[in-house]
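Letter by letter, the chains look like this.
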Amino acid sequence: MENLGALALLLGLCLSVYTILAALAGKWKQKPYLAASAERGVAAVWALVTAASAALLYHLFTDDYRVSFVASHSNRDMPWGYKLAAWWGGQEGSLLFWLWILSTYCFVAVWAYRRKHRDMMGYVIAILMTIQAFYLLLVVVPASPFQMVSSGGQVTAMPDGRGLNPLLQHPMMRIHPPFLYLGYVGFSVPFAFAMASLITRQKGDQWIATTRIWTMVTWLFQTCGVMLGGRWAYAVLGWGGYWGWDPVENASLLPWITATAFLHSVMMQEKKGMMKVWNVVLVAATFFLCIFGTFLTRSGVVSSVHAFAQSPIGKYFVTFIAIGLAGTIYLILDRLDYLKSENQLESVISRESSFLFNNLILLASCFSILWGTLFPVISEWVTGEKITVGAPFFNKVNIPIGLFLLFLTGVGPLFAWRRTSLESLKRNFLWPSMAALALGVGLAAFRIWNFYVLMSFMLCLFVALTILQEFYKGARAIQGKQGGTLVGCAVELSHRNTRRYGGYIVHMGMVLMFIGFTGQAFTKEAMEEMQVGQTLQVGHYGFRLADLKKANSPNYHSATVTIEVNRDGQPFATMHPEQRFYHASQQPTSTVAIEAQMKEDVYVVYAGNSNDGQKPVIQVFINPLVNFVWLGTFVVVFGTLVALAPSKVKMVWPRTQVVGTTGATGRGGDWATEAKQADEGMRR
Amino acid sequence: MRQYWKFGAITVVVLATLGWLAVAGINESKTYYITITELQAMNQKALERRLRVAGDVEPGTIVRSAARVEFVLKQEGLRQKVVYTGREPLPDTFKDNAQALADGTLRHDGVFEAKKIQAKCASKYEAKPGAEPANQTAAPRTS
Chain Y
1 MENLGALALL LGLCLSVYTI LAALAGKWKQ KPYLAASAER GVAAVWALVT
51 AASAALLYHL FTDDYRVSFV ASHSNRDMPW GYKLAAWWGG QEGSLLFWLW
101 ILSTYCFVAV WAYRRKHRDM MGYVIAILMT IQAFYLLLVV VPASPFQMVS
151 SGGQVTAMPD GRGLNPLLQH PMMRIHPPFL YLGYVGFSVP FAFAMASLIT
201 RQKGDQWIAT TRIWTMVTWL FQTCGVMLGG RWAYAVLGWG GYWGWDPVEN
251 ASLLPWITAT AFLHSVMMQE KKGMMKVWNV VLVAATFFLC IFGTFLTRSG
301 VVSSVHAFAQ SPIGKYFVTF IAIGLAGTIY LILDRLDYLK SENQLESVIS
351 RESSFLFNNL ILLASCFSIL WGTLFPVISE WVTGEKITVG APFFNKVNIP
401 IGLFLLFLTG VGPLFAWRRT SLESLKRNFL WPSMAALALG VGLAAFRIWN
451 FYVLMSFMLC LFVALTILQE FYKGARAIQG KQGGTLVGCA VELSHRNTRR
501 YGGYIVHMGM VLMFIGFTGQ AFTKEAMEEM QVGQTLQVGH YGFRLADLKK
551 ANSPNYHSAT VTIEVNRDGQ PFATMHPEQR FYHASQQPTS TVAIEAQMKE
601 DVYVVYAGNS NDGQKPVIQV FINPLVNFVW LGTFVVVFGT LVALAPSKVK
651 MVWPRTQVVG TTGATGRGGD WATEAKQADE GMRR
Chain G
685 MRQYWKFGAI TVVVLATLGW LAVAGINESK TYYITITELQ AMNQKALERR
735 LRVAGDVEPG TIVRSAARVE FVLKQEGLRQ KVVYTGREPL PDTFKDNAQA
785 LADGTLRHDG VFEAKKIQAK CASKYEAKPG AEPANQTAAP RTS
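So the protein lines, in turn, are chains Y and G.
Going by this note's numbering, the first sequence opens with residue 1, and the numbers climb by one from there.
Going by this note's numbering, the second sequence opens with residue 685, and the numbers climb by one from there.
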């Protein structure tokens with residue numbers, strides 16, 4: 001089996017090179033049979049990569065410890081779900097997994113779009129295949145998953161595997177990496193289309209229309225991946241938080257930020273024909289940040305609390321990124337003429353400028369995170385001293401950025417295109433801002449003085465109200481014409497323009513997440529060596545150590561404490577944090593106990609034992625509002641799905657007809673007034 | 685054209701503010717990576733800076749008590765006494781022979797006072813868990 005797997009990968013590499021050549025030759029020489037052959041090459045490479053993946057899975061499930069990857073990432077006692085997760089639980093396997101997803105995406109994209117975009121398909125295939133060839137090269141030469149365990153020149157089998165790292169033996173581990181990979185890899189497709197459209201000198205922006213859904217789905221996966229990572233860290237790592245600005249976390253956030261910027265600025269291109277260069281740059285940046293993230297997590301360039309795999313594949317990545325970037329930059333500069341803007345910026349208070357600021361600030365955030373992550377490398381080059389920056393740096397820059405973005409989330413969608421009149425500002429924002437101010441005063445009265453906390457809560461309310469107001473106004477307009485309940489009308493409204501109202505729901509999800517982020521300012525924690533019977537008081541909660549038990553299972557042995565929690569003296573919960581010691585990997589881990597409530601999580605960790613080994617060390621966190629982060633994520637996912645659903649009313653936006661309006665749909669009456677105001681504005 | 689000036693001005697203000705915050709953030713949290721050799725060769729300068737020292741935990745030197753944990757870091761034959769006074773529990777991977785990163789400052793008596801410890805398992809196998817972004821944590825964070 002292992003030979004078959006390795007052979008499939010080798011064949012895949014050869015075939016991918018052939019496919020690149022066939023696609024290009026088919027294009028240049030106008031030979032349809034070569035073009036068709038390239039399309040079939042895509043399918044064949046997919047089949048080979050799938051076969052290799054199946055071979056690896058076969059080894060994992062049959063406990064074949066002659067294969068070194070299986071021996072170091074799986075063991076006999078692991079449940080089958082984790083044996084599957086071992087596929088992406090280690091370097092070589094995860095590269096293969098990445099490759100398999102890329103190959104699947106490529107196959108789907110080519111077969112779905114081959115008729116619609118015949119003119120650029122050759123280049124799309126060539127670009128996607130080049131990326132695949134690169135990953136195939138990686139799994140054939142430096143990081144083969146089918147490496148055998150050998151001793152003295154003989155292939156030998158290990159008696160048992162080392163098992164998946166215990167921290168990764170968590171249900172989240174089965175879904176978090178696949179989601180993140182689906183996100184990471186998916187951005188290759190819009191990138192390939194963008195580049196192909198540049199190469200073929202496409203006048204219009206077809207590639208954007210084609211890849212819009214693709215980009216959104218990919219963005220959705222990436223969002224889920226990042227948030228599942230946070231959730232996993234929160235539930236498993238036992239440090240009470242979900243985000244620590246670690247290089248590996250940053251690596252997953254960077255492409256998400258540029259993709260978010262792209263999803264916004266793409267509207268400028270669709271509706272106004274502006275920011276064309278910018279969009280190509282964003283798509284390329286997202287793609288390269290994805291590759292860069294993969295590189296960062298595997299090369300050991302930046303040290304991290306995450307145990308990096310030190311491996312020689314770093315230089316492969318550097319070469320690939322350097323060549324790719326050079327090609328992309330050349331292409332963009334050479335084709336600048338085809339990317340001319342069709343419109344000009346007219347006012348600072350307009351939809352256009354809110355998009356520009358949104359992009360500016362997202363990119364600033366992206367840059368600051370990249371800079372902070374690479375600071376040790378940069379400082380070593382410049383000063384010879386390796387200097388690292390920590391969470392305070394990231395927070396200091398990104399908290400204000402986040403708040404500014406939140407502000408834009410509220411005002412941006414309600415600004416009119418081109419320019420916004422004072423009258424419409426007043427109509428849209430008077431009540432939300434009054435309510436936000438009132439909330440600010442109220443919170444200040446309760447002695448919440450922290451500027452960022454106040455701002456954040458006020459902005460959250462402001463944005464939430466502007467969004468609700470939009471739904472309310474639209475729903476009322478429909479109700480006026482058709483009757484029915486307000487909720488029913490809101491659903492009808494969303495159905496008529498899923499993009500717009502789906503987007504609002506996503507924004508609402510972001511508001512909820514910000515509420516959760518802000519809650520962190522009120523975290524309480526305590527740590528104590530405790531004896532059975534002893535009590536620890538944190539805020540309103542008392543923690544009594546009731547019992548300590550030891551147990552054995554085939555996979556690990558464990559020590560569990562029973563903690564009786566009371567709240568203001570009333571019994572509240574019984575919690576069982578645990579410490580496990582995994583036999584296979586000889587590693588201890590703590591299992592966190594969480595008592596989740598909307599208002600605050602009670603989070604208890606069996607952190608370790610005192611020096612004599614007798615007394616458990618118990619650490620307690622009270623995390624207010626943290627569940628809003630997860631709730632917000634669900635809302636974001638739901639909103640994105642709404643936005644992906646087809647609209648009931650097909651909207652055509654001829655560019656010349658977009659007049660200053662805060663929304664032409666669902667608000668029949670406002671259309672005319674807005675247009676009139678815009679006219680008056682122009683005359684002024 | 686006037687609009688572009690306005691827009692440019694706002695952009696400059698925003699970026700300047702962020703730049704200022706970034707510089708402040710760097711100064712507040714910058715930590716120097718040094719080896720034990722460098723640490724022991726440093727003079728006055730070492731006392732003022734936040735440092736990060738790496739090494740292996742010498743077996744049998746870990747002494748735990750309620751408020752502090754003492755141990756010795758070893759690197760290329762050099763030994764450095766470290767006392768950990770941070771609030772967070774030490775990572776599960778922190779044990780004899782583990783590779784540890786200590787964040788903190790050098791005291792006048794030559795003991796390194798760590799506020800934060802990160803540790804990786806010293807295993808002769810590749811000590812990596814997943815190779816996927818955002819969750820490769822072998823050691824729980826101690827920040």
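Wrong hints could be hidden among the right ones.
Claimed, not checked - Facing chain Y, from chain G, some residues (calculated, C-beta under 7 Å):
{"id": "1", "residue": "Trp689"}
{"id": "2", "residue": "Gly692"}
{"id": "3", "residue": "Trp704"}
{"id": "4", "residue": "Lys714"}
{"id": "5", "residue": "Ile720"}
Unchecked claim - In silico PhoX-like links for lysine-lysine, alpha-carbon gap of 25 Å or less:
{"id": "6", "chain 1": "G", "residue 1": "Lys779", "chain 2": "G", "residue 2": "Lys758"}
{"id": "7", "chain 1": "G", "residue 1": "Lys800", "chain 2": "Y", "residue 2": "Lys386"}
{"id": "8", "chain 1": "G", "residue 1": "Lys765", "chain 2": "Y", "residue 2": "Lys386"}
{"id": "9", "chain 1": "G", "residue 1": "Lys800", "chain 2": "Y", "residue 2": "Lys615"}
{"id": "10", "chain 1": "G", "residue 1": "Lys765", "chain 2": "G", "residue 2": "Lys779"}
{"id": "11", "chain 1": "G", "residue 1": "Lys799", "chain 2": "Y", "residue 2": "Lys615"}
{"id": "12", "chain 1": "G", "residue 1": "Lys799", "chain 2": "G", "residue 2": "Lys765"}
{"id": "13", "chain 1": "G", "residue 1": "Lys779", "chain 2": "G", "residue 2": "Lys690"}
{"id": "14", "chain 1": "G", "residue 1": "Lys690", "chain 2": "Y", "residue 2": "Lys386"}
{"id": "15", "chain 1": "Y", "residue 1": "Lys524", "chain 2": "G", "residue 2": "Lys800"}
{"id": "16", "chain 1": "Y", "residue 1": "Lys386", "chain 2": "G", "residue 2": "Lys714"}
{"id": "17", "chain 1": "Y", "residue 1": "Lys271", "chain 2": "Y", "residue 2": "Lys648"}
{"id": "18", "chain 1": "Y", "residue 1": "Lys386", "chain 2": "G", "residue 2": "Lys799"}
{"id": "19", "chain 1": "Y", "residue 1": "Lys599", "chain 2": "Y", "residue 2": "Lys524"}
{"id": "20", "chain 1": "Y", "residue 1": "Lys426", "chain 2": "Y", "residue 2": "Lys315"}
{"id": "21", "chain 1": "Y", "residue 1": "Lys426", "chain 2": "Y", "residue 2": "Lys386"}
{"id": "22", "chain 1": "Y", "residue 1": "Lys549", "chain 2": "G", "residue 2": "Lys799"}
{"id": "23", "chain 1": "G", "residue 1": "Lys779", "chain 2": "Y", "residue 2": "Lys340"}
{"id": "24", "chain 1": "Y", "residue 1": "Lys271", "chain 2": "G", "residue 2": "Lys765"}
{"id": "25", "chain 1": "Y", "residue 1": "Lys315", "chain 2": "Y", "residue 2": "Lys116"}
{"id": "26", "chain 1": "G", "residue 1": "Lys799", "chain 2": "Y", "residue 2": "Lys524"}
{"id": "27", "chain 1": "G", "residue 1": "Lys714", "chain 2": "Y", "residue 2": "Lys615"}
{"id": "28", "chain 1": "Y", "residue 1": "Lys276", "chain 2": "G", "residue 2": "Lys690"}
{"id": "29", "chain 1": "Y", "residue 1": "Lys615", "chain 2": "Y", "residue 2": "Lys481"}
{"id": "30", "chain 1": "G", "residue 1": "Lys800", "chain 2": "G", "residue 2": "Lys765"}
{"id": "31", "chain 1": "G", "residue 1": "Lys714", "chain 2": "G", "residue 2": "Lys765"}
{"id": "32", "chain 1": "Y", "residue 1": "Lys473", "chain 2": "Y", "residue 2": "Lys599"}
{"id": "33", "chain 1": "G", "residue 1": "Lys765", "chain 2": "Y", "residue 2": "Lys550"}
{"id": "34", "chain 1": "Y", "residue 1": "Lys426", "chain 2": "G", "residue 2": "Lys758"}
What the hints assert, rightly or not - Footprint (simulated), chain G over chain Y, 3 or more residues, beta carbon under 8 Å:
{"id": "35", "segment": "345-353"}
{"id": "36", "segment": "374-385"}
{"id": "37", "segment": "394-406"}
{"id": "38", "segment": "631-640"}
The set of hints was computed from the structure by calculation and includes no laboratory data.
Keep in mind the model is a prediction, meaning the values are calculated, not measured.
Glycine residues also receive a C-beta, built at the ideal position from the N, C-alpha and C atoms.
Need the list of violated hint numbers for this structure, in ascending order.
1, 2, 3, 5, 13, 14, 20, 21, 22, 23, 24, 25, 27, 29, 32, 33, 34 and 38
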